[in-house]
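**Student:** Here's the letter readout for the chains.
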Amino acid sequence: MERPLTKNIHPGRPPLNLKDYEMTGGYSALRKIMAGMSPKDVQQAVQDSNLKGRGGAGFNTGMKWSFVPMDEKGGPTKYLIANADEMEPGTFKDRLLLEGNPHQLIEGMIIAAYAIQANISYIFLRWAYKAAAKCLEESIHEAYHAGYLGENILGTGYRLEMYLHTGAGRYMCGEETALLNALEGKRAMPRAKPPFPQVSGLFGKPTIVNNVETLCCIPHIINNGAEWFKSLSYSEDGGTKLYGVSGKVNKPGAWELPMGVTMRELIEEYAGGMKNGYQLKGVLPGGASTDFLTVQHLDLKMDFKSVAAAGSRLGTGTMIVMDDATCPVGFVHNLQHFFAQESCGWCTPCREGLPWVEKLLLSLEKGTGTEEDIDLLQQHTQWLGPGNTFCALAPGAMEPLQSALKYFRDDFDRHVKEKKCPYHHNHH
Amino acid sequence: MPTIIIDNIPYQVKAGSNLLEACLGVGIDLPYFCWHPALGSVGACRQCAVKVFKDEQDNSGRLVMSCMEAIKDGIRISVQDKGAKAFREQVIEWLMTNHPHDCPVCDEGGSCHLQDMTVMTGHDYRRFKYKKRTYVNQYLGPLVHHEMNRCIQCYRCVRYYRDYAGGHDLNVFGAHNHVYFGREKDGILESPFSGNLAEVCPTGVFTDKTLKQHYTRKWDLTSAPSVCQQCSVGCNILAGERYGQLRNVLNRYHSEVNGYFICDRGRFGYEHVNNVNRIRQPIIRNLTVEAVDETTLLTHLQQVINNRNLIGIGSPRASVESNYSLMHLVGKENYYSGISEDATFIERKIVDILENGGIHTPSLKEIENADAVIVLGEDIWNTAPVMALSVRQSVMKTAAREAMTQISTPAWNDAAVRERVQEDRGYFANLAITESPVDEWSTHTYHSVPDNIARLAFAIASKLRPELPLPEGMPEADLQLAERVAGALENAKHVVVISGSGPGSETLVRAAYNIARAVQEKGKTAGLAFVLPESNSMGAAMMKAPSFDKALQRIRKENNTTVIILENDLYRYNSTTDVDQFLDTCKSIIAIDSLNTLTTGKAHVLVPAATFAESDGTSINYEGRAQHYYQVFMPANPCIKESWKWLWKMKSLMAGSANGQEHHPDEILKQIESSYPQFTGISASAAPADFRIYGQLLPREPHRYSGRTAMLANIGVSEPKPLDDGDSPFTFTMEGYQGLPPAPLIPFYWRPGWNSVQALNKYQQEIGGPLRGGDPGIRLFDRNDKVASWWFNDTPEAFAGRTGKWLLLPQYHVFGSAEMSRWSAALDFLTPQPCISISQQDAAQLGVSEGHMLTIETDKERFSLPVAVRSDLVQGVVLAPAGFQSIPSLAWGTWIKIMA
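Those protein sequences? They're chains B and U, same order as listed. Sequential numbering from 1 applies to the first sequence in full-length UniProt numbering. Sequential numbering from 1 applies to the second sequence in full-length UniProt numbering.
Hints were generated in silico from the structure; no laboratory data involved. Check the hints yourself; a few may be wrong.
Unchecked claim - Per label pair, the in silico range of CB-to-CB distance: (1) B/406 x U/58: 21 to 29 Å; (2) U/847 x B/144: 52 to 60 Å; (3) U/214 x B/406: 56 to 64 Å; (4) B/67 x U/38: 53 to 61 Å.
Where is the CB? At the ideal position from N, CA and C, for every residue including glycine.
With the hints as constraints, model all of the structure from the sequences given.
**Tutor:** Below is the structure:
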């Protein structure tokens with residue numbers, strides 16, 4: 001089983017420096033494209049590989065690049081941005097890549113930038129990833145020194161500048177258009193689409209924003225070809241995927257596995273099964289903003305299409321396992337507290353609706369909730385749905401709530417009937 | 001025109017608009033908050049949701065925000081769809097979770113967009129059972145009151161204040177459900193356009209603080225369409241009265257002039273109407289009891305008017321009707337303008353150019369749509385603020401047009417356009433005496449004395465048209481700048497040149513003409529606008545009466561002269577010694593005015609004049625647009641009358657009768673047309689006094705006007721007969737024609753379901769377009785399309801300092817330089833302390849620093865003020881405050897002495 005993204009990452013050991021990276025074949029993909037691939041060739045190779053965006057939306061990466069105007073209409077300035085603002089609760093896969101093999105990201109970014117002919121690139125990094133910031137800074141410096149970045153890359157005349165930008169710590173910045181606003185020094189509010197960032201992005205110029213894991217796949221696709229990349233997968237989506245499991249499992253962690261392993265394999269084999277005395281009650285398969293799945297879904301293939309068909313989303317591929325001793329109402333309340341706090345305050349449903357949802361859940365937890373409160377929660381899952389709000393934050397927030405109401409409705413009702421949280425004695 | 005199908009009914013709508021504009025445009029009530037016709041769409045509030053259907057088979061549809069959805073031919077949408085209605089109701093419920101239930105004590109109540117939209121969506125019972133979030137309010141100065149708890153986070157305030165008006169000190173802070181709109185800390189709002197926040201805010205966060213001093217609900221106001229009297233732009237306003245006091249001024253939409261916004265001088269400068277300094281009673285000086293009744297006054301006037309040499313002095317702030325009536329009373333040969341010879345010379349040149357120069361003079365809308373603007377000398381920020389706001393729109397719109405084509409985004413998609421535009425701006429060159437906030441938007445700025453600005457302007461014209469003379473000895477830097485400006489004008493399609501009488505330089509006026517004409521000769525659309533000092537300066541100048549100096553020369557040779565001074569404080573426009581001499585020489589001085597001034601202080605007879613709010617009258621703005629304003633209320637004392645009414649009474653006295661024929665304004669305007677061909681067409685600006693709709697008058701009061709039977713109950717229990725001014729189609733009651741009034745006769749905005757100013761949508765032909773039936777006002781210069789044969793070829797010498805002398809130039813202040821607005825306490829508070837400004841080099845030479853007292857000595861005046869040292873002035877120049885009450889009228893461009 002191949003693990004192209006993580007085979008050279010050894011937790012606990014320092015990250016690969018430039019020399020180490022080159023020893024493992026690093027920057028050979030960059031040399032390859034510079035030796036004779038046109039930007040269009042690169043775009044095509046990535047499109048053919050069926051690489052889908054690893055930030056959660058799962059859109060074909062090569063296709064996304066193809067929307068960048070490559071003629072004069074695109075103008076002289078374009079940007080390539082790595083979205084390293086990993087703030088989805090339960091998600092820590094990009095951190096592994098950033099801290100373990102920073103040059104892999106840098107090489108992927110240079111290739112991606114070349115594919116859209118961008119001359120300026122940014123890494124937008126979550127503020128709390130201090131260790132990643134340090135090694136990225138050093139690695140960018142090394143790459144400049146080695147001629148992989150800067151004025152005349154590998155003597156081809158292609159130019160690319162790369163900057164590390166650390167955010168101020170808002171979940172919203174993970175949304176690509178809010179990230180752009182934040183990078184411009186504005187409030188981290190999302191933008192309406194169209195126009196899409198590919199046409200009018202950072203500073204109003206054509207821009208591609210890709211997730212860290214997505215970009216890390218690029219050098220391997222270039223080196224080994226689209227067919228190889230597709231062959232890594234158990235599903236129609238190309239490549240491997242970094243999966244993660246957290247919760248009351250024996251071995252929480254993150255693993256690079258073929259795209260489409262089953263949830264059962266992940267939890268039972270890789271995460272070592274549930275801790276003694278705990279039963280699996282529900283799973284958020286791809287971070288806090290995805291719908292719960294339950295025991296019945298254990299044999300589900302973890303790829304974009306299969307998870308969607310089961311009523312959830314693969315999201316970031318890093319799952320949170322909820323056990324039977326944890327109150328689903330309290331669990332969801334905790335999430336809604338996060339989402340309400342991270343709402344940017346731009347559109348009414350999110351700004352006013354999420355705090356209401358949070359308060360309703362808290363009153364249920366306190367034992368003062370009513371049947372009407374559950375109805376209101378149910379209504380909010382519809383009112384805050386996609387299209388009703390300005391961006392995907394509130395619809396994402398509603399996913400765990402709506403599925404909790406679907407799968408764990410009894411727990412909600414018991415809070416009302418018993419006028420207390422029935423799990424309370426289990427809280428440690 | 002595309003057709004769209006709304007709830008199964010096809011409508012023709014304007015191409016390029018969005019669904020919300022289309023729905024509102026065809027009269028459908030669709031609630032909204034964050035969208036504003038002047039600010040565009042951003043999709044924040046989610047209030048305007050409608051359903052869009054894929055095709056005829058699609059029954060479920062997709063919920064979209066109508067403000068963010070472009071019109072497509074044949075698109076099927078539903079406003080009445082159950083899901084869409086329920087969502088809109090839900091949005092209100094969300095907004096109401098934190099909105100205080102303080103409507104009864106909120107200033108916005110009764111004219112609140114949030115109230116209207118709440119009722120429109122049908123939201124009633126509250127399901128949110130938790131505490132509301134609260135905020136601390138801020139002190140924002142004397143004009144705007146802040147009450148943040150009422151905020152519904154529509155973001156309009158910051159979008160207006162920052163994006164539209166270019167302000168910096170109002171912003172949005174915080175996040176999630178604790179977003180805060182205010183300043184970084186308490187303090188006076190810096191923008192002179194801050195009052196518009198009260199109209200932009202859909203609820204009571206920002207309200208008119210001056211209204212608060214004498215608060216009245218909208219439905220209790222008696223209002224009429226009026227015209228701002230605070231500068232020569234002539235913004236259309238609505239003025240409201242109750243209990244004999246003028247209570248507030250609101251913007252009155254005019255698509256060609258002020259659009260949706262006015263400046264703070266216009267909005268808050270109305271309180272002279274209520275001031276204790278008003279002349280409320282006829283006064284005959286040196287009687288035992290000076291205040292007299294009308295009969296005594298008329299008897300006395302008969303003596304001093306008849307059998308005397310009678311001369312009249314007109315006024316740039318009095319109406320066309322009043323100026324004409326004075327001229328008619330005294331005879332053309334005895335009628336003088338009342339302003340100095342220097343100012344008359346410049347204004348005469350301006351009128352000559354506008355009448356005969358063959359260059360179009362643009363409306364504010366046309367300035368906004370220009371793709372290159374050049375200002376020569378005039379400090380528009382301080383002398384014509386709303387024109388400055390239009391110049392800002394020009395630079396923004398030009399950049400936006402460019403961006404829109406690049407990314408195929410419609411103009412209404414505000415955030416997307418701004419994102420693309422970034423810091424790009426259209427072309428704007430500000431060539432002015434001093435720095436001003438408009439410099440921030442300009443491509444090129446140049447600060448110097450008027451002669452040097454004129455030289456640069458002549459050089460620009462010469463670059464555009466090499467036959468024109470290039471001033472000699474131009475510094476290389478100036479020549480390069482001229483080259484760059486000319487290049488930018490060459491690249492433009494629609495150029496506007498703005499100058500004015502403010503700097504006191506006729507040379508600048510000529511230079512401005514050369515540029516505009518040179519641009520026009522190149523086949524471009526050229527506009528030439530001149531700012532004048534007062535609301536009716538243009539009307540007065542168009543009468544081409546001799547100056548005050550001519551009156552003074554004449555009176556020196558005459559005796560037994562009675563002078564009638566019409567609404568004019570001669571000391572504002574002429575030197576103290578000249579006015580003193582003039583007034584001392586007159587045998588009798590009759591002053592007709594509304595406020596006591598230095599001039600009325602020397603008059604023998606004071607005739608109380610009505611202010612604009614108590615008058616029907618016409619003023620002519622900078623573009624030659626005659627605009628009629630209507631009486632808002634009748635003064636309690638019938639002795640207070642429009643000046644033109646008094647003058648017609650005096651005319652009767654001359655004929656030997658105390659009760660002559662009454663003349664209505666429209667009749668006077670007709671007479672003006674026959675006396676002065678340059679005013680042809682002006683009578684159409686006023687509705688005939690006998691104009692009726694279905695036999696009905698138009699009510700000045702909304703149908704919800706309250707207290708009519710009670711408000712005078714302390715005087716008598718029977719309801720008095722409604723007043724009747726007889727001069728206009730308006731009545732002082734709530735009864736009358738309740739339909740949509742004609743565009744020039746809109747006394748207030750109200751349509752069923754729309755109590756706030758947003759009702760305006762119902763009065764427009766299309767959203768953001770002209771009013772139904774066409775915008776009011778008659779442009780008087782448009783009749784002339786002949787092209788003059790002249791160019792101006794004499795260029796001035798370069799400025800050179802003189803030993804021991806300084807060139808005196810004006811510093812205007814938006815608050816302080818206008819005569820009437822200083823009687824508003826709030827604006828008086830904002831007026832800066834007057835000072836004399838000199839350059840750093842001169843300060844060093846004179847050995848003075850900031851705050852030292854300096855004395856200025858001109859030929860005729862001498863006064864002392866603290867000094868301000870500035871970096872934007874050249875050596876050898878001194879700036880004195882223009883138009884300040886405490887400072888005598890000064891002759892700009894003359895050489896004066898300074899004593900430390």
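**Student:** So which of those numbered hints doesn't the model satisfy?
**Tutor:** Violated: hint 4 alone.
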